[in-house]
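Build the complex from these two chains, which are given one at a time in their own frames, with help from the hints.
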Amino acid sequence: MPDQLLYAMEVTLNGLMAGVLYALVALGFVLIFKASGIFNFAQGVMALFAAMTLVGIMNGQVPFSHLINATLGTDIHHFGWHVPALLAIILTMGVMVLLAMAVQKFVMGHLVNQEPIILFMATIGLAYFLEGLSDLMWGSEIKKLDVGLPQGINDAIDSVTFDMFGYGFFIDNLDIVATIIAALLVIALMAFSQYTKQGRALRAVADDHQAALSVGVSLNFIWVLVWSLAGFVALVAGIMWGTKSGVQFSLSLIALKALPVLMLGGFTSIPGAIVGGLIIGVGEKLFEFALGPMLGGATENWFAYVLALLFLLFRPQGLFGEKIIERV
Amino acid sequence: MSEGYTTADGRKIGGVVMEMKNITLRFGGVKAITDISFDIREGEIRAIIGPNGAGKSSMLNVMSGFYVPQEGEVWFHGKPRPQMRPFEVAQQGIARTFQNIALFEGMSVLDNVMTGRLTHMKTGLFSQAIWKGKAEADETENREIAEKIIDFLEIQAIRKTPVARLPYGLKKRVELARALAAQPKLLLLDEPMAGMNVEEKEDMSRFILDVNDEFGTTIALIEHDMGVVMDLSDRVVVMDYGKKIGDGTPDEVRSNQDVIDAYLGVSHD
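In the order they appear, the protein sequences are chains A and B.
Counted the way the numbering used here counts, the first sequence spans residues 51 to 378.
Counted the way the numbering used here counts, the second sequence spans residues 5 to 273.
This is chain B alone, in the form it adopts within the complex (with noise of 0.2 Å):
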């Protein structure tokens, strides 16, 4: 299938966006990740599933360039990504969230998606200083980017407000249109439901399928609550303890005994 697969429901998936190859990832003596293997295609959505603790974020915090493996590489749109920071990994076109919700609290709503334009404002230093004309048009248009992600995600009533003023199912769809905001190649959400109720965790699901549908947008996310996964997404890779335990469709992950074993536990005798 290296040319790409159709979905379930008659998506076309396409070629390999991302691809980790062997990636292991050291703290000190503790192996948070060893030797994991995997890729991610245009168009998909892709999860990471896993215990607490099996190294999701860690595997998104390679990705996204914040850590750095010890072996292994990660191929970008079919070429080895060399080392770098994880502000030239958001300029390479990777968005993502944090699990623990990385906003500017002391920002408001709009402001915040905007800075999600930045990686696309082209107007040098100079010419933003003194404010012509250039910068002008720079700005309406990038505005203009951030207004419809806004919309696109039912936030208009609140664009104004400061981010640190809003209830936290609130922040977390703001962090995702901050995100969308840079019209990603690749999207990176961490945890996008932890801490939600039901309902809240129905509506991000859906703001997830929309944005995929409507955008096109190649989206990675990590989750431990398997059953909001299996519905959202194409293709799963199943972590626990730093390995790779499976990885396939859902239907394909839900019969597999190894996973089955690290989600219910499995008696040793």
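Same shape as in the complex, but just chain A (with noise of 0.2 Å):
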């Protein structure tokens, strides 16, 4: 075979793996916006706060030691324990769930019925009010996320495409953990809310609120569930990207590329979100792999948003969106 063909292959399986992790967090956007019909800003943010939670709750960090040390003139930083990582994920799963409570409290709960365009703007405030959190409670320097996830190349698959192309792929042991774990995680959503009562009230709110309040489904309930479910994908996110590229500020940037994503997938639909991403991540990657060269390098950073741009011209309600239908 060719050089360039198994370089394109390997490139190719690099983009699907990436792509899985745009999904991820594509997936939480899509959570919130089927069963409230809010487009969340905040979910790269929530990922962010997820995953600097754990970081902090793993260290024994203070929080808010900063703020206590200016304070009250002491020092401290550390309780000076370490918290095993899955410990340290359960603890965090609480801390997101009382994010849910606290957003459907102070936020959501008092903008029922309101024009969706005024629920995003709440959206984008409790973006900016959760990095100021992230910031004030655990401090603004990169932190290392090590959970136990395996990391590094994968030898078998080098050493297996090196015996059959006398050319090892390169395929990164964590990216194959991150596929299998989002895998798992659309397979646990939809038979969540296909076969459970929950799930059902879930898909009946998102349905029709006032039909849902007939059958004694409250919808208060179902939002903070909702909320949750989507902190969840959060943190699962952000223990991907944060073990990936270390957690920092920047890791709220990666919802920007889910924007991409949903348009290409559909605001409404979880395989929807699977597929966008692994069209974005391939796309991404082949893009820069085949044309980069000539057009400067570094299209990565925009080949999403021109192929999103695209979609919305020739279908704006993406490929497994609900189709748009106005009644005149």
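Quick caveat, the hints were computed from the structure, so don't treat them as lab data.
Where hints are given, some of them may not hold.
[As the list claims (entries may be wrong)] Now the in silico label distances, taken between C-beta atoms and shown as ranges:
| id | chain 1 | residue 1 | chain 2 | residue 2 | range |
| --- | --- | --- | --- | --- | --- |
| 1 | B | D39 | A | F156 | 48 to 58 Å |
| 2 | B | G137 | A | T121 | 16 to 26 Å |
| 3 | A | P366 | B | E140 | 35 to 45 Å |
| 4 | A | M240 | B | E206 | 34 to 44 Å |
| 5 | B | L213 | A | G87 | 32 to 42 Å |
[Claimed, not checked] Here are some of the chain B residues that sit facing chain A, going by a computed Cβ distance under 7 Å:
| id | residue |
| --- | --- |
| 6 | G97 |
| 7 | R100 |
| 8 | G110 |
| 9 | L122 |
Since this is a predicted model, take the numbers as computed values, not measurements.
Quick reminder that beta carbons are idealized off the backbone N, C-alpha and C, glycines included.
Take a look at the structure:
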């Protein structure tokens, strides 16, 4: 096989795995959008907040330590213990549920029946608030996150492909793990919404608020549930991205990459978020590989947005989204 | 007749299930309902009729908790009902349908009917999430009841069809099925025959009578077509401009001069 083709295959595989990470963030958007019609601009920041909280808890960092030290004149930074990864993840999930409750109680609960644009603005506010809160609670330095996920080149794939083609593929173990976890997450979410009581209630609320009330579903409970689920997805995404590139504030920018993913996949489709993520992941890697050198490189920065723009022109509802029909 | 009565066709009607006491409802300066009282008894079919804009739907919305009246009390099973949100009213065992049909359009007929069982499913979030034996048994048990209702209303053939694809008359029937699935202590029907042709109206009337007969369900319904209501109901409340102008058996109401005036119009000379 020619080297170029082999190299393209490797790029495609890596693109697929990068796409999984985009899809993870997009998934959080879809969950909230489906159930409440809110486009949650804060999803990326929620991933950042989750990752920072996780690192903070694992390292035994004192939350708000800068604030405490500045006001009380003390000098405390660490509790002096280390929390095992699994326990820390569970604790962080608890924090995300509390966050979901707070968002519902203090923000969304007051904006029932408001225009979508107002709800959207509220989530922008939430994004800034959360970013500030993350900074205040855990500090702004870049942190290393290691919850014990395997990292580095996968030797098995490297040697197998070397034997077959005389060229070893470089596939990161972390990407493989991320793919498996994302697949499990999607299956779990689908099973939850299709086969459980709460899932059914969730779909009911997504479909018709009034009717949902009439069969005894508490909207408040469902929205807390949805924000908690989104928090959970954010936590998973935060762990993956944090492990890959360190926990830092640029993490919240990955939310922007989720936008083209959503435009491709449709805002209301869970499979759409996955397929959209994969297309963007593969597309931008292959584009960079094929045309990058001609266009001066760094095409990954804009390729996704141009692709989304094309979709907006020709298929605005995305690949899997519900068709928009206005009745006159 | 505090201990109930026997209808013309020999059905025993029991004690009071719900009592509306001096209900007044205002929207800003507009009075939708003025000082209305009536009761609904166990096992009866109670109709609220009146011309368009009489306040019938507002009354039903008060009963189901969607509107909160400024004055008056709603008594349910002999106790005044504290202020409740609509989903809490539903959890108390009051199911309803809507005038403009509020179904879950994206879900199948079976899933829609299963949402009617939500208040009866007792397993918690955690066991549901991990889908253990208990949750499964809960699902099976409630599924059986849902299937029974589906059989009863003769919608087996469309069980798996997404509701959005159904014609209007069938949607109305699915909505009735969803409300029935909750095995309500009181079933509220908001214009169950609105927009139907004669044949569909006859079908729906038959189902309402059958439901009442088979399950002993207490039913309160709103309708502005007098003919249908008179054949169907045991007792009728007549509303006009937010006030109660008549209350009694269909025959009593039919001969009430105020009612005749409201429906036929009266010349003011």
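**Request:** Taking the numbered hints from earlier one at a time, note which ones the structure violates and give those numbers from smallest to largest.
**Result:** Structure breaks hints 1, 2, 6.
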